[in-house]
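**Student:** Heads up: the protein sequence lines correspond to chains H, U and L, in order. The first sequence runs 1 to 304 under our numbering. The second sequence runs 1 to 373 under our numbering. The third sequence runs 1 to 409 under our numbering.
Some clues are possibly wrong.
Unchecked claim - Result set (EDC-like, lysine to aspartate or glutamate): computed pairs, CA atoms no more than 20 Å apart in a straight line:
#1 U:K256 <-> L:E33
#2 L:K26 <-> H:D228
#3 L:K218 <-> U:E130
#4 U:K214 <-> H:E64
#5 U:K360 <-> U:D260
#6 U:K256 <-> H:D2
#7 U:K290 <-> U:E130
#8 U:K235 <-> H:D2
Unchecked claim - One-sided excerpt, in silico: chain H residues whose CB lies under 10 Å from chain U:
#9 N10
#10 T13
#11 V72
#12 N118
#13 Q124
#14 Y131
#15 Y134
#16 F136
#17 Y221
#18 R226
#19 D228
#20 G268
#21 A285
#22 F289
Please keep in mind that the hints were generated in silico from the structure rather than gathered at the bench. None of these values were measured; they are calculated from a predicted model. Using N, Cα and C, we set each Cβ at its ideal position, and we do this for glycine too.
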Amino acid sequence: MDIFLQQLVNGLTLGAVYALIALGYTMVYGIIQLINFAHGEIFAAGGYIGVITLAYLNHIGVLEQYPMLGLVLAFAMAMVYCAFLAVAIERVAYRPLRGASRLALLLSALGMSIFVSNGMMLAQGVYDKAYPIYMFPQESIEVGGAIISHMQIYIFIVAILLMVGLNFFINHTRLGKAMRATAQDKTVSALLGINANRTITITFVVGAMLAAAAGVMVGMYYGSVRFDMGFVPGIKAFAAAVLGGIGNLYGAMIGGMIIGMVEVFAAGYLASEYKDVFAFVILIAVLYFRPTGIMGEQVDDTRV
Amino acid sequence: MRKVIICALVTLALTVGTAGAATLKIGSVSPLAGPYAADGTDIKQGVETAIAMWEAKGGIPGYDKIEYFPQDSGCDGKQAVSAANKLVNLGVIGVVGAYCSSATIPSSDVLMENKVVMLTPASTNETVTERGYKYMFRVCGRDDDQAKVVVKFLTEDLKKTKIAIIDDKTSYTAGLANNIIKFGEGKIDVVAHEHINQGDKDFSGVLTKIKALKPDVLYMSLYNPEGNLMAIQAKRLKIDAVLLSEDAVYHPNYIKIARDASEGTFFTFGQPADETIPEVAAFLKEYTAKYGEPGSYSAYAFDAANALLAAVAKVGASDPDKLADAIRATDAQGASKKLTFNEKGDSGSTYKVIVVKDGKFVPYWDPDTGMKY
Amino acid sequence: MRKDLLRWLVFVVWALVLLVPMMAPKLGFDTFELDFARPMKLVGMLALAGLCVVAYRAVRGGKEHKVRAPRNFGIAEKLSTPWAWAAAGVLTLSLPFWADNYTLDIAINVLIYITLGLGLNVVVGLAGLLDLGYIAFYAVGAYTYALLNTIYGVPFWLALPAGCVISAGAGAFIGYPTLKMRGDYLAIVTLGFGEIVRIVLNNWDNVTQGPNGVLGIKAPGIYIPEITDGSLDFVYFYMNKLPSLYYVILLIAIVTIIGVQRIDTSRIGRAWVSIREDETAAELTGIQTLRYKMLAYMMGAVFAGLAGAFYAAKVRYVNPSSFVFLESALVLCIVVLGGMGSIPGIILGAAAIIVLPEVFRELELYRLLAFGGAMTAMVIFRPEGLIPARRRQLELHIEETFADEDDDA
Numbered sequence: 001m002d003i004f005l006q007q008l009v010n011g012l013t014l015g016a017v018y019a020l021i022a023l024g025y026t027m028v029y030g031i032i033q034l035i036n037f038a039h040g041e042i043f044a045a046g047g048y049i050g051v052i053t054l055a056y057l058n059h060i061g062v063l064e065q066y067p068m069l070g071l072v073l074a075f076a077m078a079m080v081y082c083a084f085l086a087v088a089i090e091r092v093a094y095r096p097l098r099g100a101s102r103l104a105l106l107l108s109a110l111g112m113s114i115f116v117s118n119g120m121m122l123a124q125g126v127y128d129k130a131y132p133i134y135m136f137p138q139e140s141i142e143v144g145g146a147i148i149s150h151m152q153i154y155i156f157i158v159a160i161l162l163m164v165g166l167n168f169f170i171n172h173t174r175l176g177k178a179m180r181a182t183a184q185d186k187t188v189s190a191l192l193g194i195n196a197n198r199t200i201t202i203t204f205v206v207g208a209m210l211a212a213a214a215g216v217m218v219g220m221y222y223g224s225v226r227f228d229m230g231f232v233p234g235i236k237a238f239a240a241a242v243l244g245g246i247g248n249l250y251g252a253m254i255g256g257m258i259i260g261m262v263e264v265f266a267a268g269y270l271a272s273e274y275k276d277v278f279a280f281v282i283l284i285a286v287l288y289f290r291p292t293g294i295m296g297e298q299v300d301d302t303r304v
Numbered sequence: 001m002r003k004v005i006i007c008a009l010v011t012l013a014l015t016v017g018t019a020g021a022a023t024l025k026i027g028s029v030s031p032l033a034g035p036y037a038a039d040g041t042d043i044k045q046g047v048e049t050a051i052a053m054w055e056a057k058g059g060i061p062g063y064d065k066i067e068y069f070p071q072d073s074g075c076d077g078k079q080a081v082s083a084a085n086k087l088v089n090l091g092v093i094g095v096v097g098a099y100c101s102s103a104t105i106p107s108s109d110v111l112m113e114n115k116v117v118m119l120t121p122a123s124t125n126e127t128v129t130e131r132g133y134k135y136m137f138r139v140c141g142r143d144d145d146q147a148k149v150v151v152k153f154l155t156e157d158l159k160k161t162k163i164a165i166i167d168d169k170t171s172y173t174a175g176l177a178n179n180i181i182k183f184g185e186g187k188i189d190v191v192a193h194e195h196i197n198q199g200d201k202d203f204s205g206v207l208t209k210i211k212a213l214k215p216d217v218l219y220m221s222l223y224n225p226e227g228n229l230m231a232i233q234a235k236r237l238k239i240d241a242v243l244l245s246e247d248a249v250y251h252p253n254y255i256k257i258a259r260d261a262s263e264g265t266f267f268t269f270g271q272p273a274d275e276t277i278p279e280v281a282a283f284l285k286e287y288t289a290k291y292g293e294p295g296s297y298s299a300y301a302f303d304a305a306n307a308l309l310a311a312v313a314k315v316g317a318s319d320p321d322k323l324a325d326a327i328r329a330t331d332a333q334g335a336s337k338k339l340t341f342n343e344k345g346d347s348g349s350t351y352k353v354i355v356v357k358d359g360k361f362v363p364y365w366d367p368d369t370g371m372k373y
Numbered sequence: 001m002r003k004d005l006l007r008w009l010v011f012v013v014w015a016l017v018l019l020v021p022m023m024a025p026k027l028g029f030d031t032f033e034l035d036f037a038r039p040m041k042l043v044g045m046l047a048l049a050g051l052c053v054v055a056y057r058a059v060r061g062g063k064e065h066k067v068r069a070p071r072n073f074g075i076a077e078k079l080s081t082p083w084a085w086a087a088a089g090v091l092t093l094s095l096p097f098w099a100d101n102y103t104l105d106i107a108i109n110v111l112i113y114i115t116l117g118l119g120l121n122v123v124v125g126l127a128g129l130l131d132l133g134y135i136a137f138y139a140v141g142a143y144t145y146a147l148l149n150t151i152y153g154v155p156f157w158l159a160l161p162a163g164c165v166i167s168a169g170a171g172a173f174i175g176y177p178t179l180k181m182r183g184d185y186l187a188i189v190t191l192g193f194g195e196i197v198r199i200v201l202n203n204w205d206n207v208t209q210g211p212n213g214v215l216g217i218k219a220p221g222i223y224i225p226e227i228t229d230g231s232l233d234f235v236y237f238y239m240n241k242l243p244s245l246y247y248v249i250l251l252i253a254i255v256t257i258i259g260v261q262r263i264d265t266s267r268i269g270r271a272w273v274s275i276r277e278d279e280t281a282a283e284l285t286g287i288q289t290l291r292y293k294m295l296a297y298m299m300g301a302v303f304a305g306l307a308g309a310f311y312a313a314k315v316r317y318v319n320p321s322s323f324v325f326l327e328s329a330l331v332l333c334i335v336v337l338g339g340m341g342s343i344p345g346i347i348l349g350a351a352a353i354i355v356l357p358e359v360f361r362e363l364e365l366y367r368l369l370a371f372g373g374a375m376t377a378m379v380i381f382r383p384e385g386l387i388p389a390r391r392r393q394l395e396l397h398i399e400e401t402f403a404d405e406d407d408d409a
């Protein structure tokens with residue numbers, strides 16, 4: 001039982017990270033039907049800026065006194081940086097292709113993904129960069145035999161807060177409403193005076209900020225970041241977004257949790273070498289019986 | 001008679017002329033981008049260090065300069081074959097590389113057909129030197145030797161035999177894990193043999209499963225980035241097994257990233273550089289000044305390049321057979337070990353056990369003598 | 001002009017924000033250094049380049065320049081004069097006689113990817129099914145030959161049809177559950193299947209040797225006549241040298257080109273195109289869409305199987321790490337950059353995609369960076385591909401009327 005509980009905690013933590021990244025995928029997809037492959041790289045960039053901020057604060061001696069302030073600053077810097085990065089990527093690689101074939105857009109995203117991850121490698125080197133996690137409390141609590149570290153609790157709380165905030169933003173602010181309108185119908189929303197390009201940019205910014213937060217969280221939890229760390233979680237988060245029903249925010253959250261759980265439980269109870277196979281088989285099975293994902297609506301079946 | 005003299009003079013002039021203008025070309029094949037870029041870059045830097053030291057000594061007799069062509073191979077057979085073909089075309093006389101056995105094996109076929117000497121600083125898979133190639137050498141140890149040392153260490157020194165193994169299903173790590181199980185049959189009790197994927201960050205599922213089995217030793221047959229992360233997570237989950245790992249995880253980064261979680265980890269690794277040996281000290285001085293602390297393959301790559309260059313200095317590079325014979329006859333103290341080659345091109349293994357103590361790698365146990373340091 | 005300068009300013013600010021925080025700090029483990037020279041040099045260069053563009057526009061009269069692909073309808077038709085064909089034929093046939101090994105090796109890789117690209121073109125270009133796991137079929141072909149040859153000693157030419165059949169079977173197996181899905185759902189599911197195939201190959205140790213891969217695969221062989229002691233004998237000759245391998249893959253590539261060309265203009269090809277254009281309408285006109293989609297998958301898989309079997313015979317070693325997602329992306333890149341549905345386009349695309357990284361090899365570390373950048377740039381400046389298929393290009397330009405409302409916010 002304690003093992004089951006432990007695995008549940010592990011799965012929730014991993015799932016929360018996937019869910020945060022999946023939200024960015026699903027939002028961008030919802031508004032311009034693009035599988036934004038560069039999203040995983042934005043997540044990695046967030047991790048890098050986080051570690052750079054913390055290292056700088058450590059260097060000037062602030063981190064030791066106010067570790068929590070340092071962490072907040074790291075989150076803020078990473079989110080701002082990634083917002084800039086996402087806008088640049090959107091402007092350079094996606095906007096010129098508006099109206100071009102979906103595949104061209106996909107390839108442009110793939111090119112950007114390779115470009116950004118190698119750019120980070122050239123800037124910061126090939127070695128892992130260590131987060132100064134030893135400066136933060138490493139205690140953990142035990143609940144029914146399962147060890148839950150404080151960091152896991154923080155990750156979960158921050159993820160929930162960000163998702164609640166996102167929900168509020170989408171449903172109750174003017175910008176959020178504009179986003180939903182543009183996702184529904186670009187032409188009509190343009191007629192109603194919504195600037196489509198600006199709305200798309202804002203979507204990218206919001207998605208990137210969530211990914212940046214996930215990047216810093218991953219760095220703080222696992223202890224290091226690396227230039228190529230965006231690719232695998234990117235693919236998994238993409239799978240999570242589709243599993244939940246791409247374009248649907250709640251779907252992305254649920255999908256992320258499911259993929260995280262499946263992975264952990266497959267590794268823990270079934271064959272660890274096939275854990276990714278289980279994740280994909282669940283995805284295929286769900287899509288076979290519910291071709292639009294768990295929460296999805298009918299997907300636009302325009303050609304690729 | 002006059003004709004003969006003129007002919008002789010012309011020939012002499014030509015040979016002197018070409019010898020005077022000759023450039024010695026050597027290459028390397030290692031991953032310079034992608035997930036193994038860190039180790040691949042170490043290899044490149046090791047070769048560069050060797051060349052720099054030869055040049056500082058006045059170069060190689062008969063050659064003006066040494067030209068070096070580092071090639072990126074990823075860990076991929078196809079890329080490595082392309083790189084090997086490219087090096088053959090450039091006219092290199094020897095190649096240091098590759099890193100992954102899966103790149104070394106196919107690319108060596110190309111090099112052997114063209115009689116280019118290849119010295120691998122990192123591919124420990126047995127097959128590499130088991131194919132009877134005359135121009136193939138290995139400066140590092142072999143998987144099967146390392147596995148034997150691991151079993152010996154577990155049974156003779158550590159005296160803990162309840163072991164859980166995690167590998168990442170690459171040719172190197174899985175081969176090592178399987179060899180340990182094979183050689184340890186009847187001697188050690190493998191309670192779990194689990195796998196992870198490269199590029200994963202979260203191992204909590206596997207580790208929780210292993211924790212429940214309560215092993216005495218957790219063997220991490222992994223590469224560096226995953227090894228660092230696993231040590232942290234094992235500590236976080238309060239797994240109180242002894243951590244034991246191998247040379248692909250051995251890297252200064254391990255201590256610096258895993259910090260207190262790294263304390264007490266044992267490694268099997270080719271003789272840790274004993275800094276009192278002058279050759280080792282010279283290498284460390286030169287390398288550290290330029291690139292910082294050496295990685296686990298820097299010294300092997302340095303020795304590989306050195307063995308090649310020393311052989312060229314002895315017999316020249318015109319005849320690949322002579323060059324291969326000269327390399328086979330190598331008998332010199334290197335930066336990683338005392339270097340000699342056997343018939344197959346293996347240089348023998350010098351696996352020792354080292355331990356992380358107070359944030360430093362410290363020699364711990366010598367499997368040949370069974371003595372602690 | 002003023003608007004341009006303003007834009008330039010924004011560009012420079014953006015470059016500063018993106019490059020300085022990422023490039024200036026040098027992180028050691030316990031050390032932290034700031035080196036502003038490195039990013040500032042790059043920002044300066046970018047700013048200068050931007051200024052050149054501004055100046056160029058000012059000189060040109062500040063006319064708004066929209067980047068649009070030139071409408072070169074029928075460039076392929078214009079190029080296909082008998083002379084051009086003859087020259088290309090002579091060049092390809094004579095290559096092994098004058099090229100060195102390195103060039104030949106690259107040429108062989110190009111031909112492998114032409115075969116792969118044309119195969120994927122059937123799935124993506126003709127039938128309009130996005131496939132991100134195409135490399136799985138290539139892996140199936142490669143492992144089929146590798147295992148048949150090393151275990152049962154089956155020669156290459158016999159294993160080739162076997163590889164095709166098994167690849168087609170894999171295509172049907174993967175196709176069946178996925179083809180009910182549409183559009184981007186198909187993308188992630190095929191990506192998942194690609195990963196599943198690779199993971200299974202990596203873990204099925206008893207059969208595939210797992211990550212160690214299969215060693216000791218024989219090159220293709222032929223019987224060549226030889227006259228010994230006055231009697232005619234046939235000697236089995238292993239074509240393990242690059243020149244003979246080149247001719248083998250050239251043959252496979254030509255068969256593929258002819259095959260895809262014939263299908264494209266056949267009844268089946270037209271059915272695929274109609275499915276691509278509007279699946280519902282196609283179904284209404286009596287096309288059994290599921291069956292045709294399955295057929296597209298299987299045809300695509302057959303060509304990948306051919307290429308895979310040859311790959312195994314050429315490298316004489318296969319292991320799962322050659323069949324990663326990035327390879328699928330590479331083939332997709334060839335199809336889209338070359339021009340979907342256009343055979344000459346894909347040939348050119350394959351050449352570009354394989355040769356480009358080799359050219360960048362000199363740049364070592366910058367290789368992948370340049371590759372990624374070039375990929376995006378090529379898509380932006382030529383969204384229809386290098387040599388667009390005529391049919392497809394007409395459609396894209398109709399859509400453009402809708403795309404032009406793009407304005408700079």
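**Student:** For every hint, state whether the structure bears it out.
**Tutor:** Tested hints:
no., hint, result
1, U:K256 <-> L:E33, "18 Å, holds"
2, L:K26 <-> H:D228, "18 Å, holds"
3, L:K218 <-> U:E130, "18 Å, holds"
4, U:K214 <-> H:E64, "37 Å, violated"
5, U:K360 <-> U:D260, "11 Å, holds"
6, U:K256 <-> H:D2, "32 Å, violated"
7, U:K290 <-> U:E130, "36 Å, violated"
8, U:K235 <-> H:D2, "18 Å, holds"
9, N10, "4 Å, holds"
10, T13, "7 Å, holds"
11, V72, "23 Å, violated"
12, N118, "7 Å, holds"
13, Q124, "12 Å, violated"
14, Y131, "9 Å, holds"
15, Y134, "5 Å, holds"
16, F136, "12 Å, violated"
17, Y221, "9 Å, holds"
18, R226, "6 Å, holds"
19, D228, "6 Å, holds"
20, G268, "4 Å, holds"
21, A285, "20 Å, violated"
22, F289, "26 Å, violated"
Going down the numbered hints, you'll see the structure goes against 4, 6, 7, 11, 13, 16, 21 and 22, while the others check out.
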